[in-house]
Amino acid sequence: MRLRHSLSFFLAAAAGLLLAAPAEAGPCSALPNPVYINGGGGIFIENLGRVLSSQGITLIYKRQGSCLAVDSIVNGTPLVGTEAAGTGGMYWDTSSEYACDFDVDGNVADVGISDVFPSTCSSLPNGLPQDVGDYLGPVEAYGFAVPRPSAQESISREAAYFVFGFGAESGVEPWTDPTAIFTRGEGSGTQQMLAVATGVPVDRWKGTQASSSADIVSKLANAPDKEKAIGILASEVAIENDLTVKLLAYQDTGQTCGYYMDSTPTARDKANVRDGHYTVWGPFHVLTKLDQDGYPRSAVAADIVSYAIGTKDPPGLDLVQVLAAAGIVPECAMRVTRTAEMGPLSSFQPPRSCGCYFDALTQGTTSCAPCTTSIDCPASAPACNYNHCEVQ
Amino acid sequence: MVSSFGGRTLYAVATATMSFSSPQESSKGRAARRSRVLAWLGVALAAAAAIPVGCSLGNLSPDACGQSGECAALFGAGSECVDGFCTDPVKCEDDADCTAGACRGGYCAVGSCEGAVSGRPCFACAPETRAEFLNACTNATCVPFDKARVTKLLPDGTLPPVP
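These protein sequence lines map, in sequence, to chains A and B.
With our numbering applied, the first sequence covers 90 to 481.
With our numbering applied, the second sequence covers 841 to 1003.
Here chain A stands alone, though its shape is the one from the complex (with noise of 0.2 angstroms):
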C-alpha cells in the first residue's frame, strides 16, 4: 500500500511537471498572418498586439536598439534570433506573452521604431530612401537615473558632459567611478538621444556599458555604492522599475533650475515635458516601407502608422490611458514640439488635443470641463475630446 502510494504521488507530480512545463518556441513564421515589428515602443506594442491577435494577426516584436530597428527598414536587415538566446520575438493573445522562433535566414520587418531621428543613426546626405516612411508618433523623455536608495536628485547638462565624457576624470562627485557609469552603446536611441542633450559624441562614451535598458536597471541596482551609480533610461523604463531606480531632475544649459519629467518627483503627469521645461525627449519613429503611391505596404502597417501618430484609435483599446500609464506622451498632450533631434522648441496646440483627458489619468483631475458632445463646451474650449472640453 505504502509502496502504491509513493508510486501514484510520483506518477502524479509527473504529470503536473509534463502539464506544466512550457512548450518549446515554435517558429514564428508558422503563427497566423505575423507581422514584424522592431526596436522601442514595448508597451504600445504589447497593447496593441493583444488588439490584432483577436483579429486574427500576430504582432511579432523583437526589442532591441533603435538604430538596429533603422536598419531594419531601410536596410532590409532581417530579424534574427531565437528563444532558447533570449533573442527571439515576442507576440501575445488577449491574455498571455509568448515566444517564438525567428527564421533561420531572418525575417524581415514590417515595422521598425526609433526613439531618435534615422539621422541620428548614421548619416543620411539625401535623407531617407523614398520607399521608406517615418511618422511621428507619442513622445517619450530620456534621462539619467541612480538607484532609489541614492541621495542624488539632480544633475546639470555640464555635469552629464563631464560624467559621461570623461568617467574617471569627471571631477563630477560622486560619479566617477567608470564600473558605477552604465551606458548602452551606439545602437541605443536612448544614447543618441542622451548624446545630443550632452555634447558627448555617442561613441566616445565613458563606463561600463550594458547590454539593454533591463540590464542598466539590474546593474543599477546591484551596484555596491549606490552614491556612485548612474545610467541611462527612457521615462517607459523607469517608471517600470521605479522602486528600483529614480530619475534625475535636469538642469539644461541656462536654465535657472533642474526639473523632473514630471511636475514632481512621485507625479506621472509628464507635465514638464509636455510644456519644455524639461528638455531631453523625442517623438517614436514608425518606420515602414511604401509603395509607389507613397502609402505603407501593408495594411497592417498603414494601422499601426495610423494609431501611433493618432489619426485612427485601435478597436477596444484606449491609447491614451495605455500610453499614459507608461510615462509616454501621446501627441496630442503635448504643448511644445520640435522638428529636429533636440531641437528649438515651438509652442503646439494639437488638432484634436487629448491634454484634459492627460491631465485626468495622470493626475486624477483636471480643471477642464467635463462633456458629453460639444454642445456642452464653453465657446472657450468648444471641442469635447475624449469627454473633456479642449480648446480644439
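Since the hints were made in silico from the structure, they are not lab data.
Careful, some of the hints might be misleading.
Said to hold, decoys possible - So the derived list for chain A, only partly shown, Cβ under 10 angstroms to chain B, looks like this:
1. Ser243
2. Glu247
3. Tyr339
4. Thr342
5. Ser352
6. Pro354
For every residue, glycine included, the Cβ atom is placed at its ideal position computed from N, Cα and C.
Chain A is already provided as a structure; the job is to place chain B on it using the hints.
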C-alpha cells in the same frame, strides 16, 4: 552654445560697476538701467577680443538679447531686454507689484519678484524662445544643481573636448 562662465563674469562686473550714473536720468529706474547699460559696455570693450558684446544668458552677442525672458532668467523677474541690454528686475512690496505689467510674474519675496514655487526668477508670458520655455513660470518642483560640482570647465567656462 552659451558660455556660462561669460555670464557669471558679466553679472559680477555689472554689479560691481553699478556706481556709474548719468545726470540726465530723471528716475531712479532709468538711472539704474543706464548704470547697467554702461556696465555691459565696459565689460564688452574689455572682452571684445574674446567675447561678443551684448547681454544674454552669459553670451554678449547683441542679437541674443532680444528676449526679455533671458534677462528675467538671469537678473530676476521683470528684467527686460531693451535696446539689447537688460533692465533691472522688478522691485516689489507685495505680489501685485510682480504681476502688474506685461510679462511679469511670480510673487514678492524679500523685495524682489521670484518664481511661483522655485523661488527663482521666471518668465511669465507665453514662451517663444528656448530660454523662455526653459525658464517659464511653473508650479512644478525644481531641484537646482550646484554648478560648483562641475570642477573641470576650461578657464573661459567652456567645456573641454571629450577624449
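So, going through the hints one by one against the coordinates:
The beta carbon of A:Ser243 is positioned within 10 angstroms of a beta carbon in chain B (closest approach about 4 angstroms), and the interface hint is therefore held. With 10 angstroms as the threshold, the beta carbon of A:Glu247 comes within range of chain B, its nearest partner Cβ sitting at about 5 angstroms, so the hint holds. Restraint check, A:Tyr339 versus chain B: the minimum CB separation of about 9 angstroms is within 10 angstroms; hint holds. Interface restraint check: A:Thr342 against chain B, minimum CB-CB distance 6 angstroms, threshold 10 angstroms, status holds.
Interface hint status for A:Ser352: upheld, as the beta-carbon distance to the closest one in chain B is roughly 4 angstroms, under 10 angstroms. At about 7 angstroms, the closest approach between the beta carbon of A:Pro354 and any beta carbon in chain B falls short of 10 angstroms, and the interface hint on this residue holds.
In summary, this structure violates none of the numbered hints.
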